[in-house]
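K.L.:
Top to bottom, those sequences are chains A and B. For the first sequence, this note's numbering gives the first residue as 1, with consecutive numbering after it. For the second sequence, this note's numbering gives the first residue as 1, with consecutive numbering after it.
Quick caveat, the hints were computed from the structure, so don't treat them as lab data. As the structure is a prediction and not an experimental result, all values here were calculated from the model. One or more hints might be untrue.
Claimed, not checked - No more than 20 Å apart at the CA atoms, straight line, and that leaves these computed lysine to any residue pairs for SDA-like:
(1) LYS74/A with GLN415/B
(2) LYS413/B with GLU77/A
(3) LYS413/B with LEU18/A
(4) LYS74/A with ARG124/B
(5) LYS413/B with ALA84/A
(6) LYS413/B with LYS66/A
(7) LYS413/B with GLU60/A
(8) LYS361/B with GLU60/A
(9) LYS74/A with GLY423/B
(10) LYS49/A with GLY423/B
(11) LYS49/A with LEU455/B
(12) LYS413/B with GLN11/A
(13) LYS413/B with THR23/A
(14) LYS74/A with LEU455/B
(15) LYS74/A with ARG411/B
(16) LYS287/B with GLU60/A
(17) LYS413/B with ARG55/A
(18) LYS49/A with TRP412/B
(19) LYS74/A with GLY40/A
(20) LYS413/B with GLY69/A
(21) LYS74/A with TRP412/B
(22) LYS413/B with TYR4/A
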Amino acid sequence: MALYPLISNFQHDFVLQLLAVDTENTMDEVAAAAAHHSVGRRVAPQPDKVIRVRRQGDTEFFPRDKKLGESGIKPMECVEFIFADH
Amino acid sequence: MAILQRSEWYDLARTTNWTPKYVTDSELFPEEMSGARDVPAEKWESYDEPYKVSYAEYVKVQREKDAGAYSVKAALERSQMFEDADPGWLSILKAHYGAIALGEYAAMSAEARMVRFGRAPGMRNMATFGMMDENRHGQIQLYFPHEYCKKDRQFDWAHKAYHTNEWGAIAARHTFDDLFMARSATEIAVMLTFAFETGFTNMQFLGLAADAAEAGDYTFSSLISSIQTDESRHAQIGAPALQILIENGKKEDAQKLVDIAIARAWRIFAVLTGPSMDYYTPLEHRKQSFKEFMQEWIVGQFERSLLDMGLSLPWYWNQMVDEFDYQHHAYHLGIWFWRPTVWWNPAAGMTPECRDWLEEKYPGWNDTFGKCWDVIIDNLLAGRPELTVPETLPIVCNMSQIPICAIPGDRWKVQDHPLDHEGRTYHFNSAIDRWVFQQNPARYRDHMTLVDRFLAGHIQPMNLMGALQYMNLAPGEIGDDAHQYAWVERYRNHPYQRKAA
């Protein structure tokens, strides 16, 4: 367990933000933490969608239950949070 | 005794180069300070300043300028300008004074470096007057806002800003240190006077003087006009210096200095002047949009002076022009959302009529930035103001020191531009900012952004209160919506309807 800073680049938002998460968090938990700072503040909620996580520039998402500590994402790497159907 | 005409003695009087006997030439003019770039002294002597003035003439004119500005101020002291002005206008004043006043003293030091280390006698002469100009600008832009301190504590930031770690002050210091405090005389001539002053501040001051008159603030208008006439004179120090560099095979070097300076100046201009023109200025007083202003003055006029000089447009010119469409909208949204972190009260500029104007000037605004503002407006109407303030820090660009931001909404296009250098990852707003870093990594690599400082534990406690304390923002100084959210009521029971095209 270790505090892990990331850069959140949230779909439809305008700014990169600092995100404090934990290596034990799953991608769904990381996405929820990122949503806290964007959705309902400057990004309209999309209740029928889930938020998926990918590296900047990638097209593939990480599995939703993948733990951050096992993902290979580096501290302060810019991670994209994207609304998806599942 | 007959007095000679200036033109009869000027050239002789400024022939002030000599052959040193007790020290070497390189000790008298160290490269680090003069930046002569191996261009021989006699070549620099061909420097011909386009604007010539004697000390007696300078003092006479400056005295008249000061007398004019101070007498307008005295005459209008009992006017109700402060009480009657739109709060958005007062925000422009606060942002301007805080960002500029002490920067003028920095510019004075830079001019002084040209006075002492400039290789061209004419440059030294011109810079002597430039140095005195900047001293006057520092003083007058502290004295005028001082009167307002007793009415509004945020005006104290005219003097305070540069002494703090407030993020905008860090951005201004980082830029001005790079462009003129930590540069040689030749580099200052090119980067401060040619690129920054000719390209940007001269225009900003022209535009601001007109806006002030339009807003009924004649005191500020006369102050700014008074400064602008100095700027247009001493901004001419750079062009002949550039000419000498180009004639002596240093064009590539000169081009790089210009490209770095314009890249950095554009960011400061976008964050300071962009929101002022397109959001803080009341709609009825807006003459042109920030984009139109940039296209007229930077693309139309400055572009020509670059080409006339024999220089090329910076490699990123088209990308910078593209940014006229969105960058300052993103900066404005960021400043408003992180409003407790600035020393002025940002005006949202978000009435339905303002949105119509934004859509007209920037087609697609409602589908991009408007989407974020829709959420903000919904929260304010629903009594959820806590969702209109941040709970984390934005990521700050390792070059501009301004948050990394771009286009939201339906045309979402936001991106980090990272760079790994000597084991550290740096984050940039654009390829332009990253390119500036790459020109001299050793110069920039050790600087820590506000976010770097936060992660290193310099900001305690690690929350908004800790951040505000770190930035020296005291109660009564912390920014809030300029109009106390009155504009939000326009949307109650009346959701925004786009004006038919």
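K.L.:
Does each hint fit the structure? Answer for all of them.
P.N.:
Now for the hints, and whether the structure bears them out:
1. LYS74/A with GLN415/B: Holds - the C-alpha atoms of GLN415/B and LYS74/A are around 17 Å apart, at most 20 Å.
2. LYS413/B with GLU77/A: Holds - the C-alpha atoms of GLU77/A and LYS413/B are around 18 Å apart, at most 20 Å.
3. LYS413/B with LEU18/A: holds, 18 Å
4. LYS74/A with ARG124/B: Between LYS74/A and ARG124/B the Cα gap is close to 52 Å, so the pair fails against 20 Å, i.e. violated.
5. LYS413/B with ALA84/A: Holds, at about 17 Å.
6. LYS413/B with LYS66/A: The given pair, whose Cα atoms are some 26 Å apart, is violated under the 20 Å limit.
7. LYS413/B with GLU60/A: Cα-Cα ~18 Å, so holds.
8. LYS361/B with GLU60/A: violated, 37 Å
9. LYS74/A with GLY423/B: holds, 13 Å
10. LYS49/A with GLY423/B: violated, 38 Å
11. LYS49/A with LEU455/B: violated, 32 Å
12. LYS413/B with GLN11/A: holds, 9 Å
13. LYS413/B with THR23/A: With Cα atoms ~28 Å apart, LYS413/B and THR23/A exceed 20 Å; violated.
14. LYS74/A with LEU455/B: holds, 15 Å
15. LYS74/A with ARG411/B: violated, 28 Å
16. LYS287/B with GLU60/A: It is violated: about 47 Å lies between the C-alpha atoms, which goes past 20 Å.
17. LYS413/B with ARG55/A: Given pair LYS413/B, ARG55/A holds - Cα atoms ~15 Å apart, limit 20 Å.
18. LYS49/A with TRP412/B: At roughly 17 Å apart (the allowed maximum being 20 Å), TRP412/B and LYS49/A satisfy the hint.
19. LYS74/A with GLY40/A: Between LYS74/A and GLY40/A the Cα gap is close to 28 Å, so the pair fails against 20 Å, i.e. violated.
20. LYS413/B with GLY69/A: Judged against 20 Å, a Cα distance of about 28 Å means the pair is violated.
21. LYS74/A with TRP412/B: At roughly 24 Å apart (the allowed maximum being 20 Å), TRP412/B and LYS74/A break the hint.
22. LYS413/B with TYR4/A: With Cα atoms ~25 Å apart, LYS413/B and TYR4/A exceed 20 Å; violated.
Comparing the model with each numbered hint stated earlier shows that hints 4, 6, 8, 10, 11, 13, 15, 16, 19, 20, 21, 22 do not hold.
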